[in-house]
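Asker: Listed here are the chains, written in short residue letters.
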Amino acid sequence: MSQACPQCIGRAWLLGRVGGHLDAVRSRVGDLLCLEAAELVAAVGGRRRAELLRELEALDADRYRRRASDTGLELMCCCAERYPPALLMLRNPPAVLHVAGGLERFLALSDGDPVALVGARRGSEYGRGVAESLGRSLAAAGITVVSGMALGTDSAAHRGALAAGGATVAVLPCGADRAYPASARALRERIVGTGAAVSELPPGSAARRWAFPARNRIIAGLAAMTVVVEAGSRSGAMVTARVATELGRVVGAVPGRVTSPHAAGPHELLSRGATLVRSGQDVLDALFGAGVRRAGDGGERAELAPELQVLLAAIGDGHDTAQALTRAGLEPGAGLAALAALELAGYVRREPGGRYSVVLA
Amino acid sequence: MLARVATFAIDGVEPRLVWVEVDIRQGLPAFTIVGLGDAAVRESRDRTRAAILNSGFEFPLKRITANLAPAFLRKVGPGFDAALALAVLAASGQLRAPALEAYAVFGELSLSGELRDSPGALAVAEGAWRAGFRRLIVPRERAREAALVGEVAIVGVAALREAAEVVDGADPPPLPAARVRRGPAGGTDADLADVRGHAAPVLALLIAAAGAHNLLLEGAPGTGKTMLARRLPSILPAMTRSEAIEVTRIHSVAGIHSDGLVVARPFRAPHHTISPSGLVGGSAPPRPGEATLANHGVLFLDELSEFQRSSLEALRQPLEDGCVTIVRGQRALVFPTRFMLVAATNPCPCGFAGVDDRCHCGEADLRRHRRKLSGPLLDRMDLLVDVRRPSERDLHAPPATSSAAARDLVAEARERQYMRLAGTPARCNGEMDVRLVRRHVVLDPDAEQAIACAYASGTLSARGRHRVLRVARTIADLERHDRVMRTDVLTAFGLRQRSNRESALAA
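Listed in order, the protein sequences are those of chains R and F. In terms of the numbering used here, the first sequence has 313 at position 313, counting the first letter as 1, and numbering is strictly consecutive. In terms of the numbering used here, the second sequence has 426 at position 426, counting the first letter as 1, and numbering is strictly consecutive.
Keep in mind that the hints were calculated from the coordinates and are not lab data. Model, not experiment: these values are computed from the prediction. It is possible that some hints are incorrect.
Claimed, not checked - For each label pair, taking beta carbons as the anchor points, the in silico distance ranges come out as:
hint, chain 1, residue 1, chain 2, residue 2, range
1, R, Gln7, F, Lys372, 40 to 46 Å
2, R, Arg67, F, Ala284, 57 to 63 Å
3, R, Arg278, F, Tyr455, 30 to 36 Å
Backbone N, C-alpha and C define an ideal beta-carbon position, used for all residues, glycine too.
The following block holds chain R by itself, in its conformation from the complex (with noise of 0.2 Å):
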């Protein structure tokens, strides 16, 4: 159910060719996807500019077709009827939109106020924590998860959807029908299951340096709201941050400790007025007004025991194990048991060197 017109499948084609130009210009690369496919090709096609235009002019849009077809992919250019709106909204919106997965159920979910969940691929525990239940609880609630699938928050935010048996888009920097990175094909499996993974780029395009602000354009542009994680002040999800601002959408950050370099770009967000996020009710109240539409949490979780409550208590607080099982009263040796019996009904997580930290509701 393909629908997308030659000459956007001409643009299409032209951005998988110059990709190589493309990254030599990248800091201004918001702009050059602003310009025709001919004005592109004149503004950084160098000497192969003739060579470009003939090849554009002998593209065989049938064959570009077949080709996606054959790799699973559906298109539609920004001509059809039926193109996102949100993302028209852009002032250089993808000329053709790549999707594994399922055009229909990408529309499908595209329209239902889709949430982008962005930050640092080298986050914290913390960070990964966080995104992942803000997925989890924002699926339950039957919103879409958008995020880039990279490593660290984004494919922790895709993980949190799954895990509540929620479908969640991934806008990825190299062709639909590949995943980056490369450790992430399973990943790539489970999202195109029950969402989609899209990109602008033809289909077996590499990811290159200026696909990633490109992309991060894609995924602000999809989402009715965009919220920060984890971010550096420089990092691509200030990028998408700043895109969804310029597009009048709403920007959340999640709070984290100042002294942490990976809260720098959330804190920053939240001192020029960005939505405070502390969990999945907050990105709703945000989108849809206050206590409009209620939060899942993937599942009831059990009723604690007292003691149970106290050192769950004591670790959201910050205590480091040993000091939070004292809190608690319990002995080291019965702690064990007691921290497990809270990991296994899901209101902490261990995290690599010992540490427990609480899962968001």
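Since the structure of chain R is already known, use the hints to place chain F on it.
Answerer: Same frame as chain R, but now just chain F:
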């Protein structure tokens, strides 16, 4: 004239009977040794000659041919010197040859005629006993060790002259007195009573010791992983005499022990640069590796992720079978490797994950770090415990337990396992396979529900579940529960291994 003396070659850690035959006849003075000896055996000619002369004997100026039989066995080292010298003396009529045939002789000679300390005396004594010899001449330093084989009369001599006199009918010298051993009778001065804080790791050590479970310690640098691992041998049950003799024999052959019986369980901590053959044994001629030196004790691999992958993979068979077979040329040697494995690793490449903000390791770094740990090896580790820095208050608190008290608990738990597992190939919970786990791990209904819940949530793989059950059984044994209770399962769950595959499952 012809004379022969029995001695022993050490093949791996096993003794092999070797006859030293010496033939002396008229001819140009010459001294040749045949019988597949190495360079040390060839040089034995010159040592023997000087030793004989310096001991006040005559060295025959005739044609001397010595043969080490059987000729197909490769002979290594200087341990044949004494036998060769005595055979020369007997063949040249300076010693009564028939009297000599009742003795087995073992030891290296110095030029002055002294018998030097030579490794492997216990193995030789066992060989002598098996070959039916009643008397064995060994260097004096090794006499007590060789005397552990009670049925053979050990003659510990300091010099060749003394050996010749004993053969000629002099009274054998008495066994030397035991050297004063430093440290307590347990053989190790590392005691759990020195440990402050570390409640969970101490519990994990106790469980590991009680069920013979392999243990992985994870923690930042300097938190006490090595200190804890060193204390594991002190809470293991004492070795039986046959175990102790086996350990003594191996350590003697390897040249790391020289006096009397080894009483403390071995603790071996090879550096991470070790080669596969250094770890499991090998090279030519094959020598026991660290895994064999740790037999009946603890093999501790610090910085597990730094070990060569091939070295770790080489540990699989020894862990699985309790022995390792080394094939060199056409011969296969079997080394025993029944050890407990304790490994330590940092939680992430920089080592500070979960400790403070110094850790900047991303998900990819963590994954790479986990991947460096050999999956199959991690599969053999039932327990994982995080070692954290003890707090200031912990440092002033009284110790949780002493090694002696812990050893009693362990011994009692082992007794329970021994009774339960009687008639099966396993002797303790750590050796139970899937079938034995199904048969012998009886769960309380609450415990059943806890494990089902853990499995259903996807946090446990099938293999992980099996490991948790094994460990839970040991915890129940320590707690004197007949059935495995809910808290036992939960504690085991808290100490579970998070292997690559299980985290991949969560991905």
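Asker: If a hint holds in the structure, say so; if it does not, say that too.
Answerer: Evaluated hints:
Taking 40 to 46 Å as the suggested C-beta distance range, the pair Gln7 of chain R and Lys372 of chain F does not conform, at roughly 51 Å. Range check, Arg67 of chain R to Ala284 of chain F: about 59 Å between beta-carbon atoms, so the 57 to 63 Å window is met. Roughly 32 Å separates the CB atoms of Arg278 of chain R and Tyr455 of chain F, a value that falls within the hinted 30 to 36 Å.
Of the numbered hints stated above, the single one contradicted by the structure is hint 1.
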